[in-house]
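Protein chains in written order, with the working numbering: chain A, 1 to 82; chain B, 1 to 407.
No wet-lab data here; the hints were simulated from the structure.
Just so we're clear, the structure is a prediction, and the values are computed from it rather than from any experiment.
Every residue gets a Cβ at the ideal spot worked out from N, C-alpha and C, and that includes glycine.
Among the hints, a few may not be true.
Selected chain A positions facing chain B (Cβ under 7 Å, derived; list incomplete) [unchecked claim]:
1. I15
2. E19
3. D21
4. L40
5. V43
6. F46
As a list, the in silico DSS-like pairs of lysine-lysine whose alpha-carbon atoms are at most 27 Å apart [stated by the list, open to error]:
7. B:K152 with A:K33
8. B:K122 with A:K9
9. B:K152 with A:K56
10. A:K9 with B:K312
11. A:K33 with A:K56
12. B:K85 with A:K56
13. A:K32 with B:K177
14. A:K32 with B:K58
15. B:K177 with B:K85
16. A:K33 with B:K58
Stretch-level coverage of chain B by chain A, calculated; a stretch enters the list once three of its residues show a Cβ under 8 Å from a Cβ in chain A [what the hints assert, rightly or not]:
17. 97-103
18. 196-203
As a plain string of letters, each chain reads:
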Amino acid sequence: MQRQDIIQKINQLLIDEIEIDETQINPSANLKKDLGIDSLDFVDLFVIIENNFGLKMRAEEMTNVKTLSDFYDYIVNRIIPN
Amino acid sequence: MTRVVITGMGIYSVIGQNLGEVRNSLYQGKSGIIFDPVRKAMGFRSALTGMVPRPVLKGVLDRRLRVGLPVQGEYAYIATLEALKTAQIDQPFLDQHEVGILYGNDSSAVPVVESIDILRSKKDTMMIGSGYIFQSMNSTVSMNLSVIFHLKGVNFTISGACASGSHAIGIGYLLIKQGLQNIIVCGGAQEINAESTASFDALNAFSTRESEPTKASRPFDRDRDGLVPSGGAATLILESYESAVKRGAKIYGEVVGYGFSSNGEHISLPNVEGPARAISMALKDAQIPPSGIDYINAHATSTQAGDSNEAKTIDSIFKNSRPLVSSTKSMTGHEMWMGGASEIIYATLMMENSFVAPNINLENPDETTGCLNIVTETIQKEISVFLSNSFGFGGTNSVLIVRKFIP
Chain A
1 MQRQDIIQKI
11 NQLLIDEIEI
21 DETQINPSAN
31 LKKDLGIDSL
41 DFVDLFVIIE
51 NNFGLKMRAE
61 EMTNVKTLSD
71 FYDYIVNRII
81 PN
Chain B
1 MTRVVITGMG
11 IYSVIGQNLG
21 EVRNSLYQGK
31 SGIIFDPVRK
41 AMGFRSALTG
51 MVPRPVLKGV
61 LDRRLRVGLP
71 VQGEYAYIAT
81 LEALKTAQID
91 QPFLDQHEVG
101 ILYGNDSSAV
111 PVVESIDILR
121 SKKDTMMIGS
131 GYIFQSMNST
141 VSMNLSVIFH
151 LKGVNFTISG
161 ACASGSHAIG
171 IGYLLIKQGL
181 QNIIVCGGAQ
191 EINAESTASF
201 DALNAFSTRE
211 SEPTKASRPF
221 DRDRDGLVPS
231 GGAATLILES
241 YESAVKRGAK
251 IYGEVVGYGF
261 SSNGEHISLP
271 NVEGPARAIS
281 MALKDAQIPP
291 SGIDYINAHA
301 TSTQAGDSNE
311 AKTIDSIFKN
321 SRPLVSSTKS
331 MTGHEMWMGG
341 ASEIIYATLM
351 MENSFVAPNI
361 NLENPDETTG
371 CLNIVTETIQ
381 KEISVFLSNS
391 FGFGGTNSVL
401 IVRKFIP
């Protein structure tokens, strides 16, 4: 899977499953302050990512994931080895 | 002591999804009971149930507010929306005033089953998601509605089996009467699904008249063969008289008496003496003699023992005045945790519209129920005061008396 495909899939899941407004999807958006994704939403994101990418997210690895761009990088780097 | 009035009502019932539909169904004696083939396929002895369509709340409530809300919470949300609308209470009012919530609920089966199914399949609790814990708790309805409506007053759930909804109104009445709260959202909610009723079906308690679903719930009838489970949600806005007058609210009725007791005997079989004490306590609280009750909305669930014992109880107290009696469970089935609250709404609608709904399917009373003055066809009748019985497993009894409001 290419980076762009992964980003597109993440965006679609955020819109469909977390019900983020499409117009708010922006790489620089802060997950918490701009997109309103709180700690409980993160719990659901863990499930959605594992179900759709087969990837187990770990809470301790999320401390530096602040923006949507950070989130893209976190997922992409786990799927596409450097 | 403050007078306690009903200033709003809302309902999501198997006989109607709003007050207007319910009023019409009550007047027409319409049943909400169906045969559910899913339950039969699962192995139920009786596949009879009341049924409501599942509300569609996507687009109405944000995802975060929906995720922790189980199906009975969805019913309660719809019922509460209508109750607040009829009370003319909007969100800015709720934001500026301390309004509480006391809701009756005593189970939340499906979320527990689903979350454990996920765990057994994935062997990882991280796959359960954020919503199930909030959906699984008995207090799920009061918990969720207080968040959705930004309520800031008293906030808890009352679990008293099939008397839950009635006790919720009773406790709300006591709090307002004592001046501890001005407005309380009271009600009862009951999930409708196979998971919550399977272990109840295991008691052989349900009617097996599957060939005629609408005739299966037949309280007081000689040929009654068990109850029919049902559900939905009902909300009442209870308010102090002063608060209601201050904001010019319409008053639908006044709660004038609450009585309660416990039987102290069998966990599932009712007795006569326990409910009689609760009725006496309610009459004393209301300062109304038995002759002052125009109509009794009976608990009667269509079981042999339960209906007989309630008939004996009613006869022991009301034999001289013989008020009109009917069990709306003949139409709705047994709404369980919702029933005590919904039946106050059904009776208040009758009082407001000057009729008494029939106890349908009563073709032949038996030797214990024949003494009652049971309404079998809709009658036009001025009701000034009604009494409502709710009895539950464990011998919990709740009795409420509501009067037409006289300033």
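For each hint, the structure was consulted:
Because the beta carbon of I15 (chain A) sits about 11 Å from the nearest beta carbon in chain B, more than 7 Å, this interface hint is broken. Hint on E19 (chain A) holds. Least Cβ distance to chain B is approximately 4 Å, under the 7 Å limit. For the restraint placing D21 (chain A) at the interface with chain B, the shortest Cβ-Cβ distance is roughly 11 Å, beyond the 7 Å limit, so the hint is violated. Hint status for L40 (chain A) relative to chain B: holds, with the closest Cβ pair at about 4 Å, below 7 Å.
The criterion of a C-beta within 7 Å of any C-beta in chain B is met by V43 (chain A), whose closest approach is roughly 4 Å, and the hint holds. A cut of 7 Å between beta carbons decides the hint on F46 (chain A): the least distance to chain B is about 6 Å, and the hint holds. Distance hint between K152 (chain B) and K33 (chain A) is fulfilled; the C-alpha atoms sit about 26 Å from each other, no more than 27 Å. With a CA separation close to 23 Å, the supplied pair K122 (chain B) and K9 (chain A) stays within the 27 Å bound.
For the hint pairing K152 (chain B) with K56 (chain A), the CA-to-CA distance comes to about 39 Å; that exceeds 27 Å, so the pair is violated. Using a Cα cut-off of 27 Å, the hinted pair K9 (chain A) and K312 (chain B) is violated, with the two alpha carbons roughly 67 Å apart. Annotation: proposed proximity of K33 (chain A) to K56 (chain A) holds, straight-line Cα distance about 25 Å (limit 27 Å). Pair hint K85 (chain B) plus K56 (chain A) does not hold up; C-alpha atoms about 46 Å apart against a cutoff of 27 Å.
For the proposed pair K32 (chain A) and K177 (chain B), the alpha carbon gap of about 44 Å is over 27 Å, so the pair is violated. Of the pairs offered as hints, the one joining K32 (chain A) and K58 (chain B) holds, with about 22 Å between alpha carbons and a cut-off of 27 Å not exceeded. Using a Cα cut-off of 27 Å, the hinted pair K177 (chain B) and K85 (chain B) holds, with the two alpha carbons roughly 24 Å apart. For the hint linking K33 (chain A) to K58 (chain B), the alpha-carbon distance of about 23 Å falls within 27 Å, and the restraint holds.
Using a Cβ-Cβ cut-off of 8 Å, 0 residues of the stretch 97-103 of chain B lie near chain A, which falls short of the minimum of three, so the contact claim is violated. Only when three residues or more bring their CB closer than 8 Å to a CB of chain A does the claim for the stretch 196-203 of chain B stand; here the count is 0, and the claim is violated.
Of the numbered hints listed earlier, those contradicted by the structure are 1, 3, 9, 10, 12, 13, 17, 18.
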